[in-house]
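J.: Residue numbers for the sequence shown follow the numbering used here, beginning at 11 and rising by one.
Don't take each hint at face value.
Claimed, not checked - Derived EDC-like pairs: lysine to aspartate or glutamate, alpha-carbon spacing no greater than 16 Å straight-line:
(1) K375 <-> E433
(2) K347 <-> E331
(3) K121 <-> E152
(4) K347 <-> D511
(5) K121 <-> E532
(6) K121 <-> E82
(7) K121 <-> E537
(8) K375 <-> D102
Keep in mind the hints are simulated off the structure, nothing from the lab.
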Amino acid sequence: MMRRLVQAGPDGLVTAIDVPGAVLLASGELDTWSSEAQRGVFWSSFSSGDMPTSWQSASELRLAGGLVVGDEGPVLHNDALGLGEIYVRSLDGGLYFAARIDPLLTLDDRKLHVDWAAWASTLSLGSPVGDATPFAEIRRIEAASAWTPSGRGHRHLRFEPSFIAASSEGRALEPAELAERIRPRIPRPSPLGRVHLTFSGGWDSRLLAGLAASVPRGRVRAWTTSPDDGLDLDVVLSRPVAEALDLHQEVLVPGPDAWAEEVDVVRARVQYQTWMHTWLMPLARRLHEERGPVLDGLAGDVLLKSLFVNQRILAGASSAEQRARLWSALGGARLGKGELITSTASRAVGELSWQSFDGATQHVKGHEMALCLSVLLTRTTRAVAASPLLLFGPECNVSLPFVHPDVMTEALRIPVRSKLGGEYYRRLLESVCGPVVADLRSTNDPRPTMERGQRRQARRGAVTRLLSEIREDDVVRPMLGTALRELTGTSSDLAAVRSQDSRLAALQALGLLASWRSTYAERLVSEASPF
């Protein structure tokens, strides 16, 4: 099995660890640490900091996955936020792992089962949550957790990172103080390179641009692209911000057929675990050609603006009702609206999605910032993070200042009600960029009334392709509700799809499931669908 796994891996694998009970092969140099009774390696570190002394410190302080060997046996761990892709498969008493799913399929020729709960979350929330993957037999190591041998099986370990232990009991930093905690996380350019900033002109990218002002003039380049929503407000609103900040801005607007040209590539890169990011691939290709780190604002809006957690959710009569409302706001009830799928499918998707969401966030129940953490540990780390980490990376070295443990600790101390409406964030922007830049319009402001233009994902070729994928699949086709079943790809249908996010999102999600089932048909057990 190891021979098969190695053959399925990248070229140039070398042995990093080979001890009784554990073997690790890697394609690049790994960071190492040691203590009296243990030694370990770690990789894909999202944070700088002191050298680890345990798997927990590697996971939290360096936000890294790794393998530890010592007197108590090997420990395979992920980072404390769950950003790292470490997939495991238990087979014949061994635990095999890889940074991608496909190599673990090659271990044997057995057929695998569909994880219908993972697909329910993908259809509704945008991605699997917790340890789920599209395959029931393959798991992803969760945030702040690890696996270690135990008897004839393997034991799951978990710890609570200090940024989760933090609460509003500590003093919340003033905006200017928090800015100084974020500033050291801005990367420096290499001698021949630049710092590249994904720049929508929104608050996250605006703040990072202001903090990057210490980078030598001309060494920061802002990159803006069309979000393919038919409005392109990112392009329109980012220009005055870039001008005010004296940023060199590059605007890339993909061609009309870009969605159809990129969708297969994106599905493979994200391993069929989200349908959300095809519009970003043309920009990612351009950034792959550049030298220097890519600066991305992942999680800034969740931590500092309380994205998705609003007055309506906080008004829930109990924490259980608040969590249910949050799940719905994240998309949990997305497919139950507008007869997008049948009532049977809607009920099954909703029940499985809620159970997965509830299980994945169970350990933060009762926390003062449970709602924010629930967003962070599900949608942010699984659905949204795929764009910087799997489209820009691995070709680009991606820097994520907002998810540094020190920044998260302080952000989680800020009372949620001071974040609502952007009060705290506006003061933060003023402290870094000045009031003029802070007050420039962004997509946080009410959208102007305007008719949607052409969307690449809603062009005839894209929609008819999705419909074809869906209708050729014996599981997905029966799920269609009346709002989708009657689509034919005619001009009137395309106009309806173009103007309705819910229809288009449903087509994207259902098309992803159909495409995955077609791609892996020979490896899947034939079984009844709960949908």
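J.: Each hint should be assessed against the structure and marked as holding or not.
T.: Against the structure, the hints come out as follows:
1. K375 <-> E433: 26 Å, violated
2. K347 <-> E331: 20 Å, violated
3. K121 <-> E152: 25 Å, violated
4. K347 <-> D511: Holds - the C-alpha atoms of D511 and K347 are around 12 Å apart, at most 16 Å.
5. K121 <-> E532: This hinted pair holds, its Cα atoms lying about 8 Å apart.
6. K121 <-> E82: Roughly 34 Å separates the two Cα atoms, so the pair is violated.
7. K121 <-> E537: Holds, because 11 Å separates the two Cα atoms, which is no more than 16 Å.
8. K375 <-> D102: 36 Å, violated
Violated hints, listed in ascending order, are 1, 2, 3, 6 and 8; each of the other numbered hints is respected by the structure.
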